[in-house]
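Visitor: Now for the letters of each chain:
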Amino acid sequence: MGSSAPVIAGIKRYKGKWEADQAAHLLKRTLFGVKKEDLDHCHKKSLKKVVKELLYTEAPLPPPPINNYNDDKYTDPEIQPGETWIKSLKYDGMNNGRRKNSFKSWWLGLMIYQDRSIREKMVLFWHNHFVTETNTVDNALFCYQYNMLLRQHALGNFKEFVKAVTVEPAMLRYLNGYANTRKAPDENYGRELQELFTVGKGPGSHYTEEDVKAAARVLTGYTINYKTYTSSFDPNRHDDADKQFSAFYGQRLIRGIKGKEASAELDELVDMIFEQEEVSRFICRKLYRFFVYHTIDEETEKNVIEPLAALFRKKNYEIRPVLEMLFMSRHFFDPANYGSMIKSPVDFTVGLCREFNIVFPDATNYIDQYGFWEQLRNQAAGLQQNIGDPPNVAGWQAYYQLPEYDKLWISSDTLPKRNQFTDRMINGGFSRKDKKIVIDPVAFAAGLPSPEDPDLLISGAVRALYRVELPVDQLHFIKTNILLSGLVGMASDHYWTMAWQAYQTNPTDKNNKNIVPNKLKLLFKYLMDLPEYQLM
Amino acid sequence: MKRRDFLLRTMPSVLLPSLINGFSIRALAASPLAQIAGGMDSDQVLVLVQLNGGNDGLNMVIPLEFYDAYHAARTNIAIPEDKVLRLNGFDKTGLNPAMPELQSMFNEGKLTIIQGVSYPQPNFSHFRATDIWLSGADTSQILSTGWAGRYLNVQYPRFPEDYPNRNMPDPLAIQIGSLVSPALQGPALTMGMAISNPNSFYDLINDRAASVPATRAGDQLAYIREMSVKTDQYAGVIKAAAQKVTKQSGKYPAAGKNPLADQLKIVARLVAGGLRTKIYLVSMGGFDTHAKQTDATDTTTGTHAKLLGKLSEAIGAFQDDLCLLQVEKRVTGMTFSEFGRRIKSNASGGTDHGTAAPVLLFGSGLQPGIIGSNPLLPANATVNDNIAMQYDFRALYASLLEKWFSVDKEVTASVLLKDYPLLPIIQNA
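Just so you know, the sequences run in chain order A and B.
Letter 288 of the first sequence, counting from 1, is numbered 288 in our numbering, and no numbers are missing.
Letter 193 of the second sequence, counting from 1, is numbered 1193 in our numbering, and no numbers are missing.
Worth flagging that the hints you see were computed from the coordinates, not collected in a lab.
As the structure is a computational prediction, the values presented were derived from the model and not from experiment.
Treat the hints with care, since some could be wrong.
Unchecked claim - Straight line, CA to CA, 30 Å or less: simulated DSSO-like cross-link-like pairs of lysine-lysine:
hint	chain 1	residue 1	chain 2	residue 2
1	A	K36	A	K521
2	B	K1310	B	K1247
3	A	K302	A	K417
4	A	K15	A	K44
5	B	K1247	B	K1257
6	A	K49	A	K36
7	B	K1230	A	K521
8	B	K1247	A	K417
9	A	K314	A	K48
10	A	K36	A	K48
11	A	K510	B	K1418
12	A	K314	A	K201
13	B	K1230	A	K417
14	A	K407	B	K1257
15	A	K436	A	K510
16	A	K12	A	K315
17	A	K302	A	K227
18	A	K201	A	K227
19	B	K1418	A	K513
20	B	K1418	A	K407
21	A	K201	A	K159
Extracted from the complex, chain A is given alone in its bound form:
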């Protein structure tokens, strides 16, 4: 790995330039890709207002996933086509898999149609944090409920979030909480609650194996009701003896409670865990890695993580203030962080659709709409990020595995696949019978400043698609070889200008028809094939 200069800027309020560059940095990190209209909108407002909008917009909850899945082999006898299935309490071998696919496609659609709100990005963050896998949970309704829980708490109170997710049916199933009983305690959730969800395994975390066992005993008694598809607490399965915790938790003793009130032990357990400052540090580090840069050096730990963690505790684990402080900090806007992150597969695929304004069929054609969302989801899955199904309870490696972190997204398998995806989106697109999703190169170019000027067109495209600059000789190479068909010299620029204007005037003219779209396709294909396009 190369070495690069450390970023010394701390968490203090950023008061520098607020221009397109800064706005693009903020939006690329907090949304999936940046639409021109989002950039234009945000650029005109102050940083403070933009951050408020991203964090506090109360975007309405989306309409739920629907029956898009009747096919040759199956017609849902209960749920009409186009109607939501989330009220159904009947799941079987025929409908469950179809509804799971419907759910996953729906989720991808939410990302594509996100508002100017960080919510969907946070849903992905929390999915990668409080991991469940649809393959293991294996019930479409639980998967949907869990996903909605992430959305509901995405920007709320982290402590409440932990309590809620602990008794969520999907989580009870995924980490065996439902099987954790007085007679046969199952430590799975008790361990991950500490190791992955709250105090973590950082240098300041010293919980013990005894703590894992004690936590597991506190959590005994939760069950899943498969008639109502809800979770409940069964005192008969609960271990009502006292639970002793280690010195890390100040030798805390959680008194066993009998009967229905015993679920209060969960509150006490969570309170105890949250008294450890390490919780705030662990979560702030994870947020930092997700939104800023993979490596946290000593300076950053001291100047960024510590103050964020202190605020997190002071605000009683409210999530928004921490994000607000981070996104308004000098550190976040240090140019050294621009383009320092490799796009995740979801950022790569969904981001492309958003930044090129790919038009999907609307809800009246939900079959094709869901179909295209599914195709995109499969693309992201092929690039090793299958939403709903991270590889294991720790989430996707690229978010935690040192020293490579997000470099893990790029391999000799996935890099060609990434290029194939962008090549396909610019060339033929993805088809479903007579419908197609494909980049409209002329429309994208028309949204750039001065597309008739080859230099400005290229620099505009580079600014829209990249977070880093291209060397001047590269820009020149692109102009000469792509837009000007090998013509060189200032005098040749007007050949592009004439072609562009001729196309605008008469797009169906036989001699002009292909020149401009073909050259623009080549241009955007080339730009998306360069390594720079992998960065955000």
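Since the structure of chain A is provided, determine the placement of chain B on it from the hints.
Guide: The following block gives chain B in isolation, referenced to the frame of chain A:
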């Protein structure tokens, strides 16, 4: 599903090369069977030299036979008669004085001039005319494939899924100095790869990483580039071929002085290193000389003379190199431009877009000389006068395919979509 069907159906562009740092990447794992096979004497190579912008053929190949009409039509840029380079045995025609190397090659029997090459109803747009030359289309026909791509598609069936293999371990075609040319576009995929930047070629063979800024983003870029070289199945064979050649002709100018020479130097190295690649494409630009194409006081110097000088210097050094490297017999080259320029010069000391122009073939396997006659020039040329076509450019393609690459007549006709009369350009053919 067959793999090819799969490719066509699900990822039509899977093998369109994506240029990473100037080096083309193809998305297939290297075949363990792929070995470096030495080029055989029978492995004919064609080098296409594209002159972008529309080369003024009338000031490159000068009709001494009609010198007065020539001088009258373009007094402000005409080459003085006594400065025109003479050609042994062909006293009616001469070369621009900037091209002494090509003059020598002609006199040694290694250059063939074909006069008046064009096509019916020529188009005057750079973009469209270039498409026509590269695709081999009629003037009103839109083809989505390139003429060389169609040839390679016939010659190497089931490319790319069955490649590289023992018989063809190397790229079918290599473009140097720019993007993969549309000339190499096959029915579904491009048949070629690109070394778009000569520097990246030397970075590859010397295991040198292209520089990135010392930033966090730069660190990520370096990693992605490294990965992109690893995924290029042809990087290894190219590197190995290049490393077999340790000494090249001293006639090449210093790197960076003559971009065409830099490109041809790589071609010579790869041919001599044993690559069995059939077609190389190189190019130079700047031929769109609407104004001040010559120095006002000395018409043997100026913009166009510099361009022709570079062309001559580059091809001269390349031929010398091929000879030294003992692969001269394997290589034939051809220059072409999207159109020639008008007979009459304009008031800005330049020439506007025209039609037919001479094509140069170079190599030691050619039937040397001049094919065709000097263009007839009107006594009082107007801006509307153009040089008449004598040969269709596709007749030249057909001749190269049949006589140089030994392609069957029917195949040639299928590649070029029509029958064209052949020209006597190759020795003993």
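Visitor: Going through the numbered hints above, which ones does this structure break? Give me the numbers in ascending order.
Guide: 3, 8, 14, 17, 18 and 20
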